[in-house]
Every structure is written in structure tokens, then in C-alpha cells.
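Take these sequences, add in the hints, and give me the full structure.
Chains as they are written, first to last, in our numbering: chain A, 444 to 581; chain B, 107 to 221; chain C, 103 to 605.
Just so you know, the hints here were simulated from the structure itself, not pulled from any lab data.
Mixed in with the good hints there might be a few duds.
Stated by the list, open to error - Pair ranges (Cβ atoms, derived):
1. B:K217 <-> C:I148: 57 to 65 Å
2. A:L577 <-> C:M575: 51 to 59 Å
3. A:G553 <-> B:T130: 45 to 53 Å
4. C:G305 <-> B:S128: 29 to 37 Å
5. A:G553 <-> C:T151: 29 to 37 Å
6. A:G553 <-> B:E168: 20 to 28 Å
Think of the CB as a built atom: it goes at the ideal place given N, C-alpha and C, for glycine as much as any other residue.
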Amino acid sequence: MKSVILTTATRYLMPMLLLLSAFLLFRGHNLPGGGFIGGLVAAGTFILHNFAFGVEETRRLLRINPLVITAVGLLTAMGSGVVGLLAGNPFMTGHWITIPLGKGQGLHIGTPVTFDIGVYLVVIGATLTIILSLAEGE
Amino acid sequence: MNTLIAVLVGVLFGAGIYLMLSRTPVRLIIGLVFLSNAINLLIFDAAGLTRGIPPIIASGAEKLARSHADPLPQALILTAIVISFGVLAFALVLFNRTFKTLPARDLSDLKATDT
Amino acid sequence: MNTLLVLPILIPLATAVACLLAWRSRTIQRIIGVSGAVGLLTTALILLTTVWREGVIASQLGNWPAPFGITLAADLLSAIMTVLGSLMGFSVIIYSLGSIDRRREAYGYYPFFHLLLMGVNGVFLTGDLFNLYVWFEVMLMSSFVLLALGGEKPQLEGAIKYVTLNLISSAFFLTALGILYGMAGTLNMADLAVLAKEAKYPGVATTLSMLFLVAFGIKSALFPLFFWLPASYHTPPVPVSAIFAGLLTKVGVYTLLRVFTLLFIQNPGYTHTLILALAGLTMVTGVLGAMSHNEFRRILSFHIISQVGYMVMGLGLFTPLAVAGSIFYIIHHIIVKTNLFLVSGVAHRLQGSFELDKLGGLSHKAPALTVVFVISAFSLAGIPPLSGFWAKYVLVLNSLQIESYLIAATALLVSLLTLFSMAKIWAGAFWGEAPSDNEPGRIEPSPPDLLTKVALYAPMFLLAGLTLTIGLMTEPFMALAVRAADQLMNPAPYIQAVLESRP
Chain A
444 MKSVILTTAT RYLMPMLLLL SAFLLFRGHN LPGGGFIGGL VAAGTFILHN
494 FAFGVEETRR LLRINPLVIT AVGLLTAMGS GVVGLLAGNP FMTGHWITIP
544 LGKGQGLHIG TPVTFDIGVY LVVIGATLTI ILSLAEGE
Chain B
107 MNTLIAVLVG VLFGAGIYLM LSRTPVRLII GLVFLSNAIN LLIFDAAGLT
157 RGIPPIIASG AEKLARSHAD PLPQALILTA IVISFGVLAF ALVLFNRTFK
207 TLPARDLSDL KATDT
Chain C
103 MNTLLVLPIL IPLATAVACL LAWRSRTIQR IIGVSGAVGL LTTALILLTT
153 VWREGVIASQ LGNWPAPFGI TLAADLLSAI MTVLGSLMGF SVIIYSLGSI
203 DRRREAYGYY PFFHLLLMGV NGVFLTGDLF NLYVWFEVML MSSFVLLALG
253 GEKPQLEGAI KYVTLNLISS AFFLTALGIL YGMAGTLNMA DLAVLAKEAK
303 YPGVATTLSM LFLVAFGIKS ALFPLFFWLP ASYHTPPVPV SAIFAGLLTK
353 VGVYTLLRVF TLLFIQNPGY THTLILALAG LTMVTGVLGA MSHNEFRRIL
403 SFHIISQVGY MVMGLGLFTP LAVAGSIFYI IHHIIVKTNL FLVSGVAHRL
453 QGSFELDKLG GLSHKAPALT VVFVISAFSL AGIPPLSGFW AKYVLVLNSL
503 QIESYLIAAT ALLVSLLTLF SMAKIWAGAF WGEAPSDNEP GRIEPSPPDL
553 LTKVALYAPM FLLAGLTLTI GLMTEPFMAL AVRAADQLMN PAPYIQAVLE
603 SRP
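Structure, rendered in C-alpha cells:
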């Protein structure tokens with residue numbers, strides 16, 4: 444069951460939705476948003492693709508097993524917690540560094556952001572694992 | 107407002123439990139969804155509702171306004187939502203798989219492992 | 103301190119992640135799985151010795167001071183439970199090498215096994231009630247997957263019952279948490295303990311304690327909330343049954359011990375008496391259920407219920423010695439019960455069945471297995487000088503001291519019935535006639551090769567050896583339990599450690 448409208452719309456929607464998910468992820472540091480909601484939007488994008496093109500196509504598009512995405516996300520989240528431990532503080536203590544970009548500007552980046560990226564990946568991986576296995580059962 | 111939400115919580119609990127008593131698997135799942143939403147509202151309500159005063163220190167001020175909204179219950183609810191989302195998604199997959207594999211039609215047919 | 107408290111959670115997580123990344127290769131997953139379990143066991147032992155030497159230790163996650171942040175805290179009970187959990191993880195994972203099938207290994211047995219251990223350790227080490235809920239869910243999610251992994255028909259059916267009942271239990275727990283937060287404005291256990299002493303609404307606290315009792319009662323399979331357990335524990339593969347039997351209900355008992363010694367002590371005349379009554383009923387129903395069955399794992403499942411009764415009995419009596427008895431009972435029970443499930447697995451492997459009347463003649467066929475079974479089964483029934491005898495001795499002695507004759511009599515009677523039911527397994531599976539080989543429908547089991555044999559027998563010998571050691575050299579173990587109980591009954595150092603620990 445392939446709908447021309449859905450497939451065409453999906454092609455245009457996917458990049459925008461993925462951009463939105465990244466926006467939500469990075470906005471979440473100080474404002475409403477965050478890794479979980481961003482991850483859900485990203486997972487939703489792939490689910491839309493799944494509706495339009497079917498499970499095999501989506502798996503081909505993803506290239507990697509969603510479980511591996513989950514694992515990488517867990518690793519990222521765990522790593523950003525361990526930074527605190529290595530610095531002699533309790534687990535999960537926040538640490539920030541400023542990467543100089545020249546002209547007196549700098550990128551202020553810290554472990555909460557990397558933790559959120561980890562959450563983002565975990566949510567994508569876990570949601571897609573469940574949804575794709577449901578879709579395959581159909 | 108507190109009372110209204112309390113009544114809503116009660117209705118959701120009642121509806122959830124009623125649905126869970128049914129023998130149709132889908133109703134059981136919907137009942138669980140109702141139940142988890144009822145609990146989230148309950149946490150929200152029990153911790154007290156404060157409107158329009160977010161716990162953000164205004165620029166220039168030293169501390170929070172006196173009666174600000176408590177952010178912790180919202181964090182708790184967010185966590186609970188995430189967890190119930192994961193658990194219910196798993197339950198859905200499990201029920202789906204089970205009723206495809208087993209000859210059972212509804213929950214009352216699941217008697218093979220009982221004691 | 104900070105690192106030591108986090109490691110029992112981080113090591114299983116790292117192991118699980120590594121296993122997920124090595125998704126394609128079974129061999130690499132096996133190596134990672136076993137080394138993770140070894141690392142976890144080592145850390146847990148270091149944790150126990152540290153807590154023994156230095157008293158309660160605490161760490162504030164994210165460097166937010168208690169009660170605002172999440173606290174990890176370990177007193178002796180937490181440390182003992184962590185060691186036991188890791189030890190069971192280690193034994194069962196070795197056993198799994200010889201008994202879990204390829205398909206389950208390929209679909210994520212090892213990662214989920216370690217996630218389960220992570221959840222269990224998280225429950226033991228957290229000092230915050232909401233965080234406890236989160237760890238419970240981590241543990242439940244992995245147990246759901248382990249239970250359903252493989253997708254055989256009885257497994258799916260057992261999983262549905264297990265999942266639904268546990269979700270309801272979580273719902274109760276979360277409801278209780280919401281109301282508690284509304285009342286107290288904090289969920290840090292030490293902070294709550296301070297508030298509990300000056301409780302403004304003792305009536306509401308008692309009502310709330312009942313919600314917690316129902317939630318944890320479902321998890322620990324207390325009467326009358328135990329029905330999910332015998333309906334599901336006999337369905338998954340033996341290593342999964344064994345780790346569930348050893349750890350999951352005991353996690354419920356641990357939370358009961360924690361909550362009803364730290365938070366709900368306002369009205370022990372009501373709450374703890376109720377717990378005592380439930381303990382007695384749990385023992386009796388469990389053992390009666392066990393007597394009415396003829397399938398190895400179902401009998402053992404019912405015995406879990408009956409034994410949970412003993413563990414909770416100490417809490418119900420609520421004296422330092424009785425609580426020490428409970429803790430000692432947990433130590434003894436986790437080891438023995440896991441081992442009995444492992445024995446049932448080898449018996450199934452040798453004879454191709456779990457039904458007692460189809461097993462028969464194991465004492466000739468597998469003398470080593472018989473020795474392990476005898477040690478564990480007699481310990482479970484409480485025959486001196488094995489570990490179970492001392493556990494029951496302390497509990498019964500204490501209930502006689504405080505003149506709770508009814509529960510003492512119940513405990514002794516149930517112990518006798520346990521012996522009867524163990525004797526039934528002995529007579530049916532080990533002593534009895536070997537079944538004739540030409541029976542229709544019998545699967546001819548394949549004899550295991552040497553490596554598999556080592557993997558199967560080594561953990562059983564380890565656990566049986568431990569049971570013997572605890573029985574013959576009771577003194578240090580009892581001292582440990584007494585000190586842990588002392589920390590539970592006088593929580594001032596715990597509260598101080600949590601609320602005043604600075605990084």
C-alpha cells in the first residue's frame with residue numbers, strides 16, 4: 444500500500460523534522476525542549492518513513508541496528524557522568540569547557556549537553572527498536 | 107482547581123481499573139494507560155498547584171519569589187511519563203506477539219501456566 | 103567513596119553497552135559478560151569491606167547536596183545485598199554459558215542480564231525513594247525482556263501475567279510516592295526519616311504505609327499478592343528462573359525492610375503486626391502450594407513464597423535480633439534457592455523433563471548433583487548444621503522470647519512441611535525408579551561435553567560450598583547480620599551520613 448501523497452510529502456518533511464529534532468535537543472539546555480522530546484521527534488521521522496515506504500526501506504535508510512544507536516547513546520550519557528568522577532567529584536557532576544573560536548568568541552560546552560545527546564540517541568534507538576519490531580510483525 | 111483535578115484523578119483511576127477488569131487485551135492496555143496518567147495527575151495535584159509563577163530567579167533579584175511553583179513534581183512526572191511510555195510500549199509488543207502466537211482469543215484463555 | 107558507590111551500577115551498564123556493541127559476536131558477548139560479572143563481584147566485596155570498616159557511606163550525585171539531589175548511600179544491608187546480587191549474577195552467568203541456547207544469546211541475553219543486575223544494584227544503593235522507583239523500572243524492564251526472550255508459548259503467557267501484575271505494583275508505588283511528596287515535600291529517605299519522627303499526621307502516614315506495603319508486597323510475593331510468581335517463574339529457561347528466584351522477590355523484601363524500619367515506624371502496633379500476620383499466612387500458603395505440585399520448578403517457586411514469609415517475619419517481630427534473623431535468612435535463602443533452580447536445570451538436562459515422576463534415578467546417574475541438591479534442600483528445610491537451621495533458629499528463638507507463640511509454631515510447622523516437600527523431590531527425582539526409556543514423547547537428552555559440564559557444575563559447587571560454610575562457620579555471618587540489623591534499627595548514623603556527606 445504505497446500512497447504517492449505520503450511518499451512525496453515524507454521526502455520533503457523528513458529533513459525538516461530532523462532539523463526540528465536537533466533544534467529541540469540543543470534548545471533544551473536552557474529552555475523547554477531536550478533530549479527526550481528531540482529523540483521522539485527524530486524517531487517519529489523514521490516512523491513516518493516506515494509508514495510511507497515500509498520496514499525494509501527504513502532499515503536500509505538507518506543502516507545500523509537501532510539497538511546499536513541505543514548502546515552508543517547509553518555510552519555517551521554514561522561517559523558524561525563519568526567526567527565528574529574523573530575530576531574527583533561525585534558521578535554526574537557538571538563540567539564545562541570553552542572552546543575558543545577566535546575573535547574573543549568561544550563555544551561553551553558541558554557535560555549536561557553531552558548527556559542530553561546520549562538521551563536523544565537512546566530514545567531514538569529504543570523507540571525504533573520497538574516500533575520496527577511491531578511493524579515487522581504486521 | 108485542586109478539587110477539579112482530584113475528581114479527574116478519581117475518574118481516571120476508576121475508568122482505568124474498570125477497563126483492566128475486562129478480558130479484552132486491548133482494554134487492559136488502555137486501562138494501564140489511564141492508570142499511569144491518573145497517577146501523573148495525582149503527583150501534580152498532591153504537590154500543590156501554583157499558577158503562573160515559575161521557579162526562575164528574575165534577573166537582578168537574589169532569590170525566588172515567595173510562592174513559586176515547585177519544579178520537582180514536574181520532573182518526577184516527566185520521568186514517570188518516560189518510564190510508562192517505555193513499559194507500555196513493551197507491553198503492547200508482548201500482547202501483540204502473544205495473541206498472534208497463542209490460540210487464545212482473550213485474557214480468560216490464558217490458563218496454561220496457572221497453578 | 104564517590105566512585106565505589108557508583109561502580110556497582112556503572113559496571114553492569116558498561117558491560118551491557120559493550121555487549122550491545124558486540125551484537126554480532128556471541129563469543130565476544132560471552133567474554134564481556136563474564137568479565138563484567140567478575141568485576142562487579144570484586145567491587146561489591148570491596149564495598150562490603152569498606153562499609154564494615156567505615157560505617158555508612160554516601161555520595162551526592164551531580165554534587166547537589168541532600169535532600170535536593172539524588173543520594174547514593176550504602177549501609178551494611180545495602181552492601182550485603184549488593185554482594186549477594188553480584189555473586190548470583192556471577193554464578194548464573196557462568197551457568198548460562200553451559201545452558202542458554204544460541205538463539206537467546208543472539209537476541210540479547212547478556213546485555214539484558216547485566217541491565218537487570220544494574221537495576222537490582224541501583225535499588226540497593228539508592229537513598230532516594232523516587233530514584234528507587236526508577237531502578238525498579240530498570241530492573242522490571244530487563245526482567246520483562248529476559249522472561250519473554252525466546253518467545254515460547256508458555257513464556258509469553260507467563261510474561262503477560264508477570265508484566266501486568268508488576269505494572270500494577272509500580273502504579274501503587276508511584277501513587278504512594280505522589281501522596282508522600284505532597285505530604286512531606288521530600289523523597290530523600292534520610293530526610294523523610296527525620297520528618298517521620300515528628301510526624302504531623304500519623305493517621306495519613308499509616309494509610310500511606312499500606313500503599314507501600316501493597317506495592318512492595320506484590321514485588322516480594324506476599325500473601326495474598328503472590329499469584330503472578332508461580333504462574334511465571336517456571337516458564338523461562340533455567341538460568342533466568344534462577345536469577346529471578348534468587349534476586350527479584352528479595353529486592354521487594356529489601357525495600358520492605360528499608361521502608362518499614364526507616365520511614366513507617368510511627369504505629370508499629372498496627373503496621374508491623376499486620377506484616378507479621380501476612381508473613382505467617384505467606385509461609386503457610388506457599389508451602390501448601392508447594393506440596394500440591396509435582397513439577398520441580400513449580401515446587402521451588404512456591405517455596406520462594408513460603409520463604410519470603412520467614413524473611414518478612416523478622417520485620418514483623420521488629421526487634422533487633424529478629425531483623426538480624428531476617429537479614430541472615432535473606433543471605434541464606436538467596437544462595438540456596440538460586441542453587442536449587444540450577445539443580446533443576448541440570449536434572450532437566452539429564453532426564454529431559456521437570457516432572458518428578460519422569461525424573462527418577464538421578465542419584466545413580468549424577469551423584470555430584472545429588473550431593474548439591476541434598477545440601478541445598480536440607481538447608482532450605484532447616485536441618486542442622488546447615489545455614490537454614492541457624493536462620494530459622496534465630497527467628498523462632500526471638501519470637502519465643504517476645505512471646506509470639508503463634509508465629510513461632512507456624513514457622514516450625516512450615517519448616518516441617520518444607521522438609522516433606524523436599525523429601526518428595528528427593529524421593530521422586532533422585533531416589534525413585536528411573537523411568538523406562540521407551541516411553542513415548544520422551545526427548546532423549548544429549549550428554550553435555552566437558553566444558554559445558556564445568557560451566558554447569560562449578561557455580562553449583564560454589565554455592566553449595568557457601569551454604570556449608572555459612573552453616574559450619576555461622577559466627578562471622580551472624581555478626582554481619584546483627585550489625586546490619588543494628589544499623590537498621592538505629593538509623594541515626596545513616597541519616598547523618600546522607601544529610602551531612604560533603605564531597
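Going through the hints against the structure:
no.: 1; hint: B:K217 <-> C:I148: 57 to 65 Å; result: 48 Å, violated
no.: 2; hint: A:L577 <-> C:M575: 51 to 59 Å; result: 54 Å, holds
no.: 3; hint: A:G553 <-> B:T130: 45 to 53 Å; result: 49 Å, holds
no.: 4; hint: C:G305 <-> B:S128: 29 to 37 Å; result: 35 Å, holds
no.: 5; hint: A:G553 <-> C:T151: 29 to 37 Å; result: 36 Å, holds
no.: 6; hint: A:G553 <-> B:E168: 20 to 28 Å; result: 25 Å, holds
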